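Chemist: The chain contents come next:
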Amino acid sequence: MKKRVISLLMAVSVMTGLTLSGCGNTSSAASDPSTIVIWHDKEDAVAEVLQEQLNTLNPDVQVVLEKKSDLTESLKMVGNDPNSAPDMYIFAHDKIGVYAEMGILSPITDIIPQEELDVYMDETIDAATYKGEIYQLPIYYETLLFMYNRLYMKDDEVPTTTEELYQYMQENTAGGHYGFVEQHSTPYYAAGWINGFGGQILDSDGNANLDSTEVIDALNYHKKFVELMPGETEYATVNTLFSSGMAHATIAGPWMIPTVKENGMDVGVAAMPTIDETGTPIAPYMGVQGVQVLRNAAEKKHDSVEKVLRVLMDPEVEVKLAAASGCAPANESCYDLDEIKNDEVVMMMKQTADHAVPMSNRPEMDVMWTVLGNLLTDVNMSDKDVTESVKSAQAQAESLIESMR
Amino acid sequence: MKKLWKLVSSMLMMAMVVALMIPKTVLAADAKDMRLVYAQVPSDWANPCVWAWNEDGDSAYAAWPGEAMDADANNDGWYYLYVPSWANHVIINANAGEVQTGELVLEDGNAWITVTDGETFEASTEQQTKGEIPEYEETFKIHAKVDGSWENPGLWAWSAPDGTNAFEAWPGKAMTADGDWFTAKAPTWINSIIINANEGGVQTEDISVDPAELWVTVAEDGTCELSYVDPEKAAIPNITVHVKAPADWDAPNLWAWSAPDGTNVFTTWPGEALEADGEWLTKEIPGWVNAIIVNGNGGEVQTADISIDTGKDVWVVVSSADDYELFYEEPATTESASTDVTGTGSEEKSGKSNAAPIAGGVAGVAVIAGAAAVIANKKKKSA
Chain W
5 MKKRVISLLM AVSVMTGLTL SGCGNTSSAA SDPSTIVIWH DKEDAVAEVL
55 QEQLNTLNPD VQVVLEKKSD LTESLKMVGN DPNSAPDMYI FAHDKIGVYA
105 EMGILSPITD IIPQEELDVY MDETIDAATY KGEIYQLPIY YETLLFMYNR
155 LYMKDDEVPT TTEELYQYMQ ENTAGGHYGF VEQHSTPYYA AGWINGFGGQ
205 ILDSDGNANL DSTEVIDALN YHKKFVELMP GETEYATVNT LFSSGMAHAT
255 IAGPWMIPTV KENGMDVGVA AMPTIDETGT PIAPYMGVQG VQVLRNAAEK
305 KHDSVEKVLR VLMDPEVEVK LAAASGCAPA NESCYDLDEI KNDEVVMMMK
355 QTADHAVPMS NRPEMDVMWT VLGNLLTDVN MSDKDVTESV KSAQAQAESL
405 IESMR
Chain B
180 MKKLWKLVSS MLMMAMVVAL MIPKTVLAAD AKDMRLVYAQ VPSDWANPCV
230 WAWNEDGDSA YAAWPGEAMD ADANNDGWYY LYVPSWANHV IINANAGEVQ
280 TGELVLEDGN AWITVTDGET FEASTEQQTK GEIPEYEETF KIHAKVDGSW
330 ENPGLWAWSA PDGTNAFEAW PGKAMTADGD WFTAKAPTWI NSIIINANEG
380 GVQTEDISVD PAELWVTVAE DGTCELSYVD PEKAAIPNIT VHVKAPADWD
430 APNLWAWSAP DGTNVFTTWP GEALEADGEW LTKEIPGWVN AIIVNGNGGE
480 VQTADISIDT GKDVWVVVSS ADDYELFYEE PATTESASTD VTGTGSEEKS
530 GKSNAAPIAG GVAGVAVIAG AAAVIANKKK KSA
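Here the protein sequences line up with chains W and B, keeping their order. Per the working numbering, the very first residue in the first sequence carries number 5; after that it's consecutive. Per the working numbering, the very first residue in the second sequence carries number 180; after that it's consecutive.
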């Protein structure tokens, strides 16, 4: 079964690699052991910090950061072609399984001794690990945050439990204003409720787990909150409602904070409310951003790759990223520094990370995003029976995963 | 009741989108970002206002005649208003904009403007009024439309539960007439209001409010409806969508919503059936809709998202799941060119783009988690 996954991915990779070889702009860099090409999809503020730090390797090693909007698909196509593939890439950890199965990644521990990775938060190393190998050097991580507009919700009104949140929503949803909004039917956001009930979307062996009691309980409990929110809650909807002052509070990513501050909002961040039913806080997914090394580069440019990794291991890089873009450092020692301790948003992410669940990095997760999305639509927007919908979704997920394998 | 709430909510959502398209409005500001503008106006200049902008043409206020000034009780004939500091070009006007000064370019700091008439006026940074100048206090507007028997409506506002009142004595602050509506401002620290009239002889119940511009419609018996969006703007008339679908699309349906707020017209996918009407299939939907999908076979085949202008009837010719044409007038013939699913071609035909102003309104939310975005975009289609 595993062979078939690898074979399929390899076939796609080889075919597309052949098709695209010569089209990339990395072929000259590919043969130069002192040039390292890193693909990324990061915002300018992050890229600028990274480039500045990596420039310290000049002239010994020249590092070229290339922003790729279609990074994940491009890697699938050219990952095995040394002339077109980058040497490294910076991305969230959740695609590690796909590329590891394709055989295009090198374990980080082939370059950096594992004991040197002990400085990183356990959760980030767990996220970087696939089938026992560490494929990512963590740099920073992100979690969703509970945010509130202090114009409406005072600090002492912030709900500490979901029942308090529900009461607040009932009292403050009127006339087109909402007490709380979230992307209730988007898997990445709904996962926080499922995780908080102890549910799993995908288990550690890559099996769909939607028909568990925990998932059913979570979906049933969550529905009463959904009823007090707009019917459709896509990304733009929720963010617009919150940033334009139509909603008092939301659960959103830290990337939203600069926008709302620019709008003049006095925005607060708080710990996730504890779910009364379970005694566990809403537990959002954690995405760990880090650098992955492609196998070809690890073999042919080992020394340059190691130098790049060691620059990125400097805690100062993570401190600068926190200042530039609110990135929460993966290196535990950063949290002893005043610059980090005084950063309200970063420290709240650290607190949230105590309960956050790293996104699965297994290839099967690609299937689950779609199936769970449809399940949430059925339950939250079409008012279908939760148990029946869950059974149907579980069957669909199992079928799709089986086909994938 | 739930349906009514959903309808009201939907209308409000559309108006929210409209509000987001306003070029530049005052959202919140510290005192350091504001300047005090005083004006002494002729006695026949009623309800003076400030219209303000910067040299780039950004207006501080959404519409002429701008923001109403408050009378200074300690300085007869003088009115004042805190204006964003960046808006250093001002016009003082009155009588609903019928009389006005010319443009004044203000120096840094507070300004005292003496208006003799529309042609004669001057500004000074030297204080021209007696006593201390009023402190800046962030405020928001409260609009009320009251029954005809309610005369001279007033606003009473306070902070609950501590009971701190915004105004000195009942019945509070007189509201200024503006068409069918009356308006007054209250400080943002209040959370409860009463609309009253007839010198306090009639009044609403206590109304809990958020400190954001709001509209209250008051009936004769004092019952009222609260909205955070201008009901007049939300009342866009219904439109009719005309569709020609591929012959192999069984029982075509229409799915319609408002982007980016995502308010759906129909409760469940694939929406509601299009009805035969001559050579077209038609469906009447709310005028606030700005995005539709035509689908068939119970939702198994569908177009891409089709952006449409609000408040306009549309004609959509669907050739296949990947091709459609969009018109704002009934096309003479519908058998020729097709358009790619991006809708670019349709925008050229209609001569304008729906997407642009909305995209501008949500420019700050462009950064998105990849996985979440993919699922969100597929949600309606896969329902």
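Bear in mind the hints are in silico, worked out from the structure with no lab data behind them. It should be emphasised that the depicted structure is a prediction, and the values quoted were computed from it without experimental measurement. Among the clues, some could well be false.
Unchecked claim - With a straight-line Cα cutoff of 27 Å, these simulated DSS-like cross-link-like pairs (lysine-lysine) come out:
#1 Lys-158(W) / Lys-320(B)
#2 Lys-227(W) / Lys-71(W)
#3 Lys-352(B) / Lys-324(B)
#4 Lys-227(W) / Lys-395(W)
#5 Lys-80(W) / Lys-135(W)
#6 Lys-324(B) / Lys-158(W)
#7 Lys-265(W) / Lys-211(B)
#8 Lys-211(B) / Lys-309(B)
#9 Lys-46(W) / Lys-228(W)
#10 Lys-320(B) / Lys-265(W)
#11 Lys-228(W) / Lys-80(W)
#12 Lys-320(B) / Lys-352(B)
Chemist: Could you tell me which of the numbered hints above are not met by this structure, giving the numbers in increasing order?
Modeler: Per hint list: 2, 6, 9 and 11 violated.
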